[in-house]
Amino acid sequence: MTAENNSQGRNQTLPSFFRRIPGNIYAIALLLFVFRFTSPEFLNLSNLLNIVQQGSILTIVSIGSFLAIVSHGIDLSLGAIVGLAGVVAALAMNAGLGIGPACLLALLAGAIFGAVNGFVIARTYINPFIVTLGMMGIGEGLALVLAKGSTVSAGNPVFKLLGGGNLGLLPVAALISICCYLIFRFVLKRTALGTHIYAIGGNEEAAILSGINAHRIKLVVYSFNGLLAGLAGIVMASRLGAANPSQGIGIEFDGIAAAVVGGASLAGGRGSIWGTLGGAVIIAILRNGLNMAGLPMALQMVILGLIIMAIVTIDSLRN
Amino acid sequence: MNGSEVLRLERIVKEFPGVKALDNVTFDLQPGEVHVLLGENGAGKSTLMKVLVGVYHPEAGHIFLKGKEVRMENPRQAQERGIAIIYQEFNLVPSLTVAQNIYLGREPRTKIGLVDQRRLKSEARRVLDFFKIDIDVNAPVYTLGVAQQQMVEVAKALSLEADILVMDEPTATLSEHEIGQLFATIQTLKAHGVSIIYISHRLQEIKIIGDRVTVLRDGRTVGTRSVAETELETLIQMMVGREIVKKRMRKSCTALPDEALRVTNLNRGEILRDINLTVRQGEIVGLAGLVGSGRTELARAIYGIDRIDSGEIYVMGEKIRHPSPQQCIRHEMGFLPENRKEDGLALILPLKDNIIQASLRKLFPSGILNLGRERDIANRYVRELAMAAPDVTRMAKFLSGGTQQKVVLAKWLCTQSRMLIFDEPTRGIDVGAKEEIHSLMNNLAGKGVGILMISSELPEILTLSDRIYVMREGAIVQELEAPATTQEEIIGFAAGERATA
Amino acid sequence: MFLPLVTKYSRVIALLGICAVIAILSPNFLTVNNLTNVLRQAAFTTIIATGMTMTMLIAGIDLSVGSVLALTTCLAADFLRPDLPITYMFLGILIALGVGALFGCLNGLAIVYLRLPDFLVTFGMMQVARGLAFLYMHGTVVNGFRDEFTFWGVGRILGVPVPILVATVVVLLTFLLLKYTNFGREIYGIGAKRSVAIYSGLSVPRTTILVYSFSGFIVSLAGLLYIARLDAAEAVIGEQFVLQAIAAAAIGGISFDGGVGSVLGTVVGALILTVLANGMNLLNISSVWQVAVTGAAIVIAVVLDRWLSSKA
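Residue numbers (this note's numbering), protein chains in the order written: chain A, -13 to 305; chain B, 21 to 521; chain C, 31 to 342.
Don't read these hints as lab results, they were simulated from the structure.
Keep in mind that a hint or two might mislead.
To be verified - Okay, derived cross-link-like pairs now, DSS-like style, lysine-lysine, Cα gap no bigger than 27 Å in a straight line:
hint: 1; chain 1: B; residue 1: 227; chain 2: C; residue 2: 341
hint: 2; chain 1: B; residue 1: 417; chain 2: B; residue 2: 361
hint: 3; chain 1: B; residue 1: 210; chain 2: B; residue 2: 88
hint: 4; chain 1: A; residue 1: 175; chain 2: B; residue 2: 141
hint: 5; chain 1: B; residue 1: 361; chain 2: A; residue 2: 175
Kindly generate the complete structure, drawing on both the sequences and the hints.
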């Protein structure tokens, strides 16, 4: 598994680039090729744009999954935060707040939620799985309570541009997603924080001995997660024109799969953010392709589950 | 007091409950010298270093840095004062680059607070070049070999502008060629005024790289000599001392003619080379050798933890087809591992659970436990081994080191194995418990149990063994009769000083 | 001082405390009828949580429980119709239990021999099982089972609802297994410190596969009781059980890192969850709060546990 995240030297980047990214690109190309035969409209521009739009939400969430995994943790509460943030944004707008402030509020809610996660995980050293699992329940519940158990409408047409609109040919959602990737790649590569996140995940003891504040790093990582999930929630609510508190359920697992397929190791300290993007794209294509092939939802689930397991197995055998 | 000294430790006393680890130890370091710290296991080398960097605080004594007295509160402070230690276990993050590891936590920043990548790399490059270390600063650490990773650790220490570098067994995991490179680097360091405290067992290396050598024994300074002017034989004598090994615990050999363990032609890559050994029932066989000679690897291979390339293992006369711990236990062989907290006993389980863990099938063949019997068995071992444990339901992590080791021993006694491998049976245990364990082992042999004992403590080997195998670099180089040999002779073979049979 | 005592029985105390609060706030809580309902509801969660307890004890997790429950019950459903001979009913039950154990076994095999992380494997299995259930049922519902079958869900023996009795037996057997057998010790040993267990000659692959198979089996058992109560089987059921089972175990003191905890604690955990849900119903608190309360209970329980044990 490579760590192309950090190398600037051409010699180093090129081989690792070849080894990881094109692996995903081959998979993507293969999938595109296969699905072309299973359904005639698959390679239509409209469908491809559809994939991009639908996949944008997963790609945003996957960044969060990736960050958590690299820090040798995991975040199961992302889906709940997606729902929560969407509801918060919708309610805020319905209460008269402008789109901007409403979205800010939603992002803040997500970040605070994530911060609680980070705080508990950093201080108590309890397994992040169980902490974020509990917080997932709390988040989902909170979203349900705020939304009074039903969907909150978010019909503002300007708002809907975020998730459903296009800038020229490219969906806004995709642009938002790419921006996130660029921002976080910058953080991971160019800031000390980024280096320290990898350090905490790769060898926490060594990191602490070097004076890195593990508590602070974990707090920051999970807060970022909350922020990203919040953003994804806003985009999702925008796309649907309504905020469903349960809209994000399950996406955290897709996010984890995306990160792992993208090369991140669950043991922490390794992985590439672009690889995660590749993984998320693969999953998005899989979902869309299986759908377009007219397979029953159920069979889609089975195949998806098997394929993801297969990819992860191949990956782990390669190491 | 010499005015140009870089460091002076004067009459350091360090005590732990029941044992005086350092007894008025004095040590000084000149600028640009390689000062070797030599001594047996338990002589006090690592304790002294821990005092130096502030992990331990001495009960008495003074530390002078460049003539000024200082107190060492903690390792960070020591680091700030220019003292760096390179441990055997590297503190590197595998997926980060060399440059990033060197400056971990201290990354150079640009004006706006981002990591200055260019400066990071150029500074790292500068440090490496300065000390003639040839490694690509952009390489992720996991792509480097062990020797190169060690170089990264050295560079890291140097980037902290340490003028005192402590190296703890630096060559333990290096090949001949890599050792040569390390020594070249050390020469460069010296030329730049870095002073090095070099902890090692390896006598030949000391001759090559050392300027002066201080020998510690039982927490005391035996003496400081110039390496060039001293014979290795003298050093060995200083290490082991004139005192006669206190009377052998093993008065008479109780070995039976039957074999408990036989290993033939065992090979595992470069790590174990054509090993042949036997242990008779009722015999205690010591396995001596320097750090890195392959003793633990041999034990693990025999016990089936590591896969071997070729060779046969016979326990109680029966060949073990697919060695595994399960198989070995079934053939009545047990293994007390070196690292008791990691492999010996489960800290979060109660004492009694640990004791019966390897004997479940034997004690309760029906698969159903009898808790009363479990308690009785546990209590019996607590009594027999004189464990300081009031309650057998107490979690193992609350017990002392000596008691924990007794629990491990009890576990294997419970299996009623007739062949036992002990890997460093008394490491980290106070003197009193040590004697008890020796006595127990002696009794076991008296009852016909075969024992293979790995130990780095030569007195222990000499006091308990009937025969001794000496290992060096993965092979058995000599077999000795314990009553007839001396510590000097053993070390001689272990270090390669003596021609082997 | 008496802190160790509090720590040991902290969960029971918490349960009683919650009961007391609810009883004060709602007079309907302490009726025989209501308490019976609570116990019966807790029975299903408890049985599944028992399986989860075993997987958590070896430092694993089984996310596929809800889906396997759905799949196995759907497979059995057609055999339970009243117009078929009674032997078919037994066959159906056997199929359900067998397939459940099979899926559990597959989980275990993948974890041991493919060296995949447990939650990834069981998550994949969760998708696969749920998908297969949907495929098999084509969106239909099968209802109307034999009386001999539904008896197990709705009937009573000596006035006690059958599910409660079954749950009690399951818990008892598991308790005995964990406490009084070699196998139980192997589970705790492997969960406590794997490397030590290996040196002690314990077989990690064998135990892992058995534990996951058991989890699958027990989940199917719970599923059969569940559809017996519902008198219907469809592919969507059982989703809520994963979170509840993990919550029950976590609240009950089963450590996520393995080797620590008693199945009796899990029972208390399941009771706490069910009582909380019941209390919220009685107090007319909307069910939307339930998920939040479950999540909060998990977090509070594990944090409190960590805090208390650091004081001990």
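A quick look at each hint next to the structure:
{"no.": "1", "hint": "227(B) <-> 341(C)", "result": "violated, 53 Å"}
{"no.": "2", "hint": "417(B) <-> 361(B)", "result": "holds, 9 Å"}
{"no.": "3", "hint": "210(B) <-> 88(B)", "result": "holds, 22 Å"}
{"no.": "4", "hint": "175(A) <-> 141(B)", "result": "holds, 14 Å"}
{"no.": "5", "hint": "361(B) <-> 175(A)", "result": "violated, 38 Å"}
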